[in-house]
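Colleague: Take a look at the letters that make up each chain.
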Amino acid sequence: MTPAVGKPLDRVDGRQKVTGTARFAAEYDLPGLAHGVIVTSTVAKGRVTAFDTAAAERAPGVLAVVTPKNAPKLRPTEPFGSSETKPVAGTTTAPVLQSDQVFWYGQPIAVVVAGTLDQAKYAAHLVRVTYDAKPAELTLDSKGRVFVPDKVQQEEPEITIGDAEGALTAAAVKMDHTYTTPQHNHNAIEPHATVAAWDGGKLTVYDTTQFVFGVRYDLATRFGLKLDDVRVLAPFVGGGFGGKGGAWPQAFLAATAAKVVGRPVKLVLGRDQVYACVGGRTPTRQRVALGADAGGKLTTLIHTGRTSTSTTNTFTEQFNFPARHLYASPNIHLAQELIELDVCPPTFMRGPGECPGTFALESGMDELAVALKLDPVELRLRNDPDKDPTRGTPFSLRKYKEALKLGAEKFGWARRTPEPGSMKDGRLLVGLGVASAFYPVYRMPSSARVEVTAAGTALVQCGCQEMGMGTATAQAQIAADLLGLPVDRVKFELGDTALPFAMVAGGSSQTISVAAAVTAAVAALKTALLALAEKADGSPLKGLKAADVAFRDGGLARADDPKAGESFGAILARAGRKAVDAKAEVKPGDEAKKLSMQSYGAQFCEVRVDPDFGTVRIKRFVGAFDVGRVINAKTARSQFIGGITMGLGMALLEETHRDPRTGRLVNADLAEYMVPVHADVPALEAYWVGDPDPHTPMGAHGIGEIGITGVAAAVANAVYHATGKRIRDLPITPERLMSAARESPR
Amino acid sequence: MPPDPDPDRRDFIQGVAAGGLGVALLSTAGPGVAAADPPTGPGRAIPVQLTVNGQDHALTLDPRISLLDALREVLHLTGTKKGCDHGQCGACTVLVDGRRVNACLTLAASVAGSPVRTVEGLATGDDLHPLQAAFIKHDAFQCGYCTPGQLCSAVGLLKEAHATTDDEVREQMSGNLCRCGAYPNVVAAVQEVRLAARDAR
Chain Z
0 MTPAVGKPLD RVDGRQKVTG TARFAAEYDL PGLAHGVIVT STVAKGRVTA FDTAAAERAP
60 GVLAVVTPKN APKLRPTEPF GSSETKPVAG TTTAPVLQSD QVFWYGQPIA VVVAGTLDQA
120 KYAAHLVRVT YDAKPAELTL DSKGRVFVPD KVQQEEPEIT IGDAEGALTA AAVKMDHTYT
180 TPQHNHNAIE PHATVAAWDG GKLTVYDTTQ FVFGVRYDLA TRFGLKLDDV RVLAPFVGGG
240 FGGKGGAWPQ AFLAATAAKV VGRPVKLVLG RDQVYACVGG RTPTRQRVAL GADAGGKLTT
300 LIHTGRTSTS TTNTFTEQFN FPARHLYASP NIHLAQELIE LDVCPPTFMR GPGECPGTFA
360 LESGMDELAV ALKLDPVELR LRNDPDKDPT RGTPFSLRKY KEALKLGAEK FGWARRTPEP
420 GSMKDGRLLV GLGVASAFYP VYRMPSSARV EVTAAGTALV QCGCQEMGMG TATAQAQIAA
480 DLLGLPVDRV KFELGDTALP FAMVAGGSSQ TISVAAAVTA AVAALKTALL ALAEKADGSP
540 LKGLKAADVA FRDGGLARAD DPKAGESFGA ILARAGRKAV DAKAEVKPGD EAKKLSMQSY
600 GAQFCEVRVD PDFGTVRIKR FVGAFDVGRV INAKTARSQF IGGITMGLGM ALLEETHRDP
660 RTGRLVNADL AEYMVPVHAD VPALEAYWVG DPDPHTPMGA HGIGEIGITG VAAAVANAVY
720 HATGKRIRDL PITPERLMSA ARESPR
Chain B
0 MPPDPDPDRR DFIQGVAAGG LGVALLSTAG PGVAAADPPT GPGRAIPVQL TVNGQDHALT
60 LDPRISLLDA LREVLHLTGT KKGCDHGQCG ACTVLVDGRR VNACLTLAAS VAGSPVRTVE
120 GLATGDDLHP LQAAFIKHDA FQCGYCTPGQ LCSAVGLLKE AHATTDDEVR EQMSGNLCRC
180 GAYPNVVAAV QEVRLAARDA R
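As they're listed, the protein sequences go chains Z and B.
So the first sequence is numbered by numbering that gives the first Met the number 0: it starts at 0 and just counts up by one.
So the second sequence is numbered by numbering that gives the first Met the number 0: it starts at 0 and just counts up by one.
These are calculated hints, taken from the structure and not from any lab test.
Yeah, the Cβ is synthetic: ideal placement off N, Cα and C, and Gly gets one too.
Stretch by stretch, here's where chain Z covers chain B in the computed footprint (C-beta under 8 Å, at least three residues):
id: 1; region: 58 to 72
id: 2; region: 78 to 86
Chain Z residues, not near chain B, derived (Cβ > 10 Å throughout):
id: 3; residue: 75
id: 4; residue: 197
id: 5; residue: 227
id: 6; residue: 454
id: 7; residue: 560
Put together the whole structure using the sequences plus the hints.
Modeller: This is the structure we're talking about:
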């Protein structure tokens, strides 16, 4: 049997997804189900002075209008990042429904519950609210509190090596510019939704989340329940991208409403409410300054800037992480400050930090290449470090140069003529750009349960998540190889707190975290199976130890003699059992402390720019990645091109506009917040080096986020190559491109 | 962004505007509208006969209910998805009289007597529709939430037979957003089925 790992297998849940039978949170119908619709604030800061709920309460079908006046008392949440040992997932400390205070425009302030959705929506419009509004701080330049966070995702907020500013002054060739990225929103097509039902003091919740155990912890905390009295299920999630990584308000609001009306409640956020109540990616303003000697070796690297956070939770968008690991430089200065704003707390969005960070850093590298009159691929090759540039540790795996060369070859980089505007396609300008991709390797604690049956099938369980990555498929492939079974004999169950514990599906950590737990559970299962055979007369396994046997063809066999073995059925039948199972709980070791563990890649973009209209079309895009061993070539490619697609949106289209006077998001819908559509995206290509990482489970890295990193810079660099215009503020709109001046023709 | 590539949708919106605008306005009464009950009264149910995937359903519906909510909340046919409720994402695309429409912009009462086909009605027993099979083969989805809409839209697109090149398929599928970014795989799946059908003729 050839290994399943690495094969481009179809998704195991594909049939459910194409037939409409894959069920998402809002699709669980319970007896007596009522519908909740939230009311949101229309001021950014202040307090509610009065609710007029009389008309809403009189409206047909209305069961309750829940406001701070009649809401059950909840305890404060424990926000994300407030504990390293507990699965905390609170996204905002705002005492929603517990006080009259308002902390951002669009904050939930009431829930209307009615028998049908239309009744609840109609009645929600009848709630009248008056406010005592206070001035709010709403932009990166406002008077909000500015501070340096204690830690940035467990790392030091500032890194200083040598004299970066002095080296910049002295550098033979240099660049020094500021780049900005706007707020982005995730826009998973499934809006945030919860169905909540109480059974006495026990709570069951179907929630759209990337972290069932986090939502369980949050609900248990708020309602003062034991963890075992709360069950959270999310077998399918309609896209997450970080936007469902924490416990957002829909879950506890639905549970609150259900408690008030004594019936199960479904609460689905409207699309505008997803923008209003779920944080997006913070805007960033970043300075990148690079100096080099005449030979193109970096002499200094500066990457500093400001991002925003909120008054009700601190979130730090770690934009300078790529600069900590990508390039060798004797002088480095990396720093970040936050400004606290009266906004919905920003949160993780695909490649948080690394995504906007690579836009600035990789645009800067392109500007340095122009100043050096050096090919930008060659510049990157010349600055590849032999150990981690800021930590000094060896790399667990670094095939960055290989990825860069692979991408350049597949893309046909050699055809590029360096001068801006030198390549044309009829009246259109042709531009070719490159940028590095970068994402860290994260691993988290995880557990798993494995069961094999006499029929030769296996069930593998872990309360992890599926929101498009192909989790069940990849883990079934991994388990099948470990168990010596064909993939179609292995079933993988996920998305339920009744299953073994898993952390958030975030930080591209899930595949290897769960793989480690599955591997350990399978090892424990071998011991359990062998215990049934090792003392049995007539068993070829009699007297053997676990190290002497291996899973083979639906059973166990001597490692040194595959023919001397027994099937699961034979072992279990003799023992009078139908199945045997084992569990394991696994934590990462200290490898991440001793080694620099990162994924790398190179993004290559070819654009066509209309010189008269400033419109940019993507002609071709190639990503090449160094991500260890790939588990499923089909779903991996989808992850890469999906990340690239979101990156193309970031480059050319995406921006959440907040009215700086009121705090209202003015384009909170899918027509005015433009995400890429079919017509924006050409055929995309993704390649990978494929060398396994000797220090990760399965030799793999997570791949969900690296695909988006570097994309916006590759596009901006291609636009520069086409036009000679350097756009440092995203998105690259036609008006920005038409009004920009041509720079440094050479 | 390209202009709306979906002539059917425009046609349909005009149809609704001509036929059912009064009801549509009532259903969107917002904060700026007087709080008094609209003339027909919210929640005053009306009889509606819906034909979905070949099955007749004699329903009593709130006149405000969209076809999307009628499918999901009343008939419990949850394969059709709600992404925006504003006709902007295409996740709710279904086929009415064989033409693709956004079920969220369609009042349920306005399609009484017209056959409605949803993702649940694409396969024949256990035999997947060729597009469903091609979507699996080409990994034309990730999370699967936009997939029913992409599939119904692709069924409509192939019937319209206006798209031949990849760019034409892209243009005419642009009303269906996929945030996971499976677009190139959707195009590959649609083209494979289109070419197979052409070769079979």
